[in-house]
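Participant: Whenever a hint applies, use it, and build me the whole structure from the sequences.
Its first residue numbered 2, the sequence shown is counted upward by one per residue in our numbering.
Keep in mind the hints are simulated off the structure, nothing from the lab. Computed from a predicted model, the values in this text were never measured in an experiment. Fair warning: there could be bad hints in the mix.
What the hints assert, rightly or not - Straight-line C-alpha distance at most 25 Å; calculated DMTMM-like pairs for lysine to aspartate or glutamate:
#, residue 1, residue 2
1, Lys47, Glu13
2, Lys77, Glu108
3, Lys77, Asp102
4, Lys118, Glu98
5, Lys103, Glu70
6, Lys118, Glu76
7, Lys47, Glu98
8, Lys118, Asp102
9, Lys93, Glu60
10, Lys103, Glu65
11, Lys93, Glu65
12, Lys47, Glu70
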Amino acid sequence: MKRRSREPLHFEMTPLIDVVFLLIIFFMVTSVFKKDELSLLLALPKAASGESLKANEKEFLKLELSAEELAVAGEKISLEELPSRLTSISDKAQPVEMRVDKDVRYERVITVLDSLKAAGLQNINLITEK
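Facilitator: Structural data, given as structure tokens:
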């Protein structure tokens, strides 16, 4: 009998490379790149005009929020004092003018908005930069 000569085995690398690249693309597309969720900064929209809102008969309750401090009607208070200060307001329809600095974190803004909601104040105007 005639013996077959043995040819060396060759592995085709092309399909393997194709599969590897497909896996790389799959993982790149499906992966989620998370930013640090604890440091979300407030990006305020720009106002289209420089005109401010005028209250018809009622005076605005002015609230100013910066990265370091909070002021209600020009008086600096802490975030802990805000709920007690807001519950003392008898007119729940009083409009609130809230000026927020662009460097304030969302956490602080949400805390103030939650306090306003808990006090029953719903007529809130957010003032932005021009």
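Participant: It remains to establish, for every hint, whether it holds in the given structure.
Facilitator: Verification of the supplied hints:
{"no.": "1", "hint": "Lys47 - Glu13", "in the structure": "violated (60 Å)"}
{"no.": "2", "hint": "Lys77 - Glu108", "in the structure": "holds (19 Å)"}
{"no.": "3", "hint": "Lys77 - Asp102", "in the structure": "holds (15 Å)"}
{"no.": "4", "hint": "Lys118 - Glu98", "in the structure": "holds (14 Å)"}
{"no.": "5", "hint": "Lys103 - Glu70", "in the structure": "holds (13 Å)"}
{"no.": "6", "hint": "Lys118 - Glu76", "in the structure": "holds (21 Å)"}
{"no.": "7", "hint": "Lys47 - Glu98", "in the structure": "holds (16 Å)"}
{"no.": "8", "hint": "Lys118 - Asp102", "in the structure": "holds (20 Å)"}
{"no.": "9", "hint": "Lys93 - Glu60", "in the structure": "holds (12 Å)"}
{"no.": "10", "hint": "Lys103 - Glu65", "in the structure": "holds (12 Å)"}
{"no.": "11", "hint": "Lys93 - Glu65", "in the structure": "holds (19 Å)"}
{"no.": "12", "hint": "Lys47 - Glu70", "in the structure": "holds (22 Å)"}
Comparing the model with each numbered hint stated earlier shows that hint 1 is the single one that does not hold.
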